[in-house]
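Engineer: The listed protein sequences correspond, in order, to chains X and Z.
At position 16 of the first sequence the residue is numbered 16 (the working numbering), and the sequence of numbers has no breaks.
At position 84 of the second sequence the residue is numbered 84 (the working numbering), and the sequence of numbers has no breaks.
It is worth saying that the hints were derived from the structure and are not from the lab.
Think of the CB as a built atom: it goes at the ideal place given N, C-alpha and C, for glycine as much as any other residue.
There's no promise every hint is true.
Here are some, though not all, of the chain Z residues that point toward chain X, as calculated from beta-carbon distances under 7 Å [what the hints assert, rightly or not]:
{"no.": "1", "residue": "Tyr46"}
{"no.": "2", "residue": "Leu106"}
{"no.": "3", "residue": "Val108"}
{"no.": "4", "residue": "Leu129"}
{"no.": "5", "residue": "Leu134"}
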Amino acid sequence: MHYVAVSLVLLLIGTAGLLLRRNIVIILMSIELILNAVNLNLVAFARHHGNAAGQVFALFVIAVAVAEAAVGLGILLALYRNRETVQVDEIDLLKW
Amino acid sequence: MTLDTLFFYAFTTLTLGGAALAVTRPSAVHAAIALMVSLLGVAGLYLQLTAEFLFVAQIILYIGGILLLFLFVIMLVNLDAGRGLRQFHRRWTVGAAVTAVAGVVLAVLGSRVQLPPAQRMPETGNVELVADTLLQDYLVPFEVVSLLLLVAVVGSVLLGRKRA
């Protein structure tokens with residue numbers, strides 16, 4: 001299953017971007033990469049089992065990803081209006 | 001080397017190369033373009049896996065929807081100010097270590113899995129198959145997703161207003 005290997009590498013690239021970058025927009029993009037890796041895995045296993053349920057799950061994941069991106073970017077805009085920054089380590093209001 | 005393997009490696013290169021560029025470029029616009037290349041690669045892999053409906057959904061929703069949203073936000077938020085700054089966290093070693101450990105664990109677990117023998121997809125078209133599964137076996141989740149999208153629309157409009 002080469003597709004699972006591709007999905008694993010995509011997941012790791014997404015995780016690295018999520019944990020290492022300071023820019024919120026890039027972090028949201030990394031989340032999209034992770035969700036794509038999951039989708040690729042679901043579709044590959046759906047093909048392997050000869051069953052469309054995995055593809056339907058991937059559709060649900062895409063719908064949730066759209067909702068997540070819309071709300072996340074809305075929060076980002078509200079945050080930028082208040083704090084004038086998009087670097088995550090400068091947003092430390094709740095940090096002790 | 002068959003044509004299938006050739007296309008698989010081409011789409012894999014697009015996917016992983018685009019993803020790697022997306023998380024390393026300092027400019028957010030460049031990252032968005034690289035993300036688009038990566039999403040196109042994933043769409044191609046869907047096509048290879050005979051998931052034609054998801055291929056179309058990926059292009060319309062991800063590339064036409066989410067990526068456009070990202071580009072709009074990049075336009076609204078002045079990201080060029082952050083271009084000369086440090087791009088990575090101060091304690092980036094911790095994040096890199098967590099990623100590496102997760103990669104090793106997942107690879108070891110994945111190599112131990114015993115898969116059942118592969119089965120063939122039913123011969124009906126992919127769109128019919130997805131529609132049958134979605135609207136018969138998963139009808140309730142399908143309706144719940146519409147509710148989720150409604151909540152997301154209301155929430156993002158509320159968050160995006162001038163005086164929230």
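Engineer: All hints, please: hold or fail.
Structural biologist: Quick rundown of the hints versus the structure:
1. Tyr46: holds (6 Å)
2. Leu106: Since chain X brings a Cβ to about 6 Å from Leu106 (chain Z), closer than 7 Å, the hint holds.
3. Val108: violated (11 Å)
4. Leu129: holds (4 Å)
5. Leu134: holds (5 Å)
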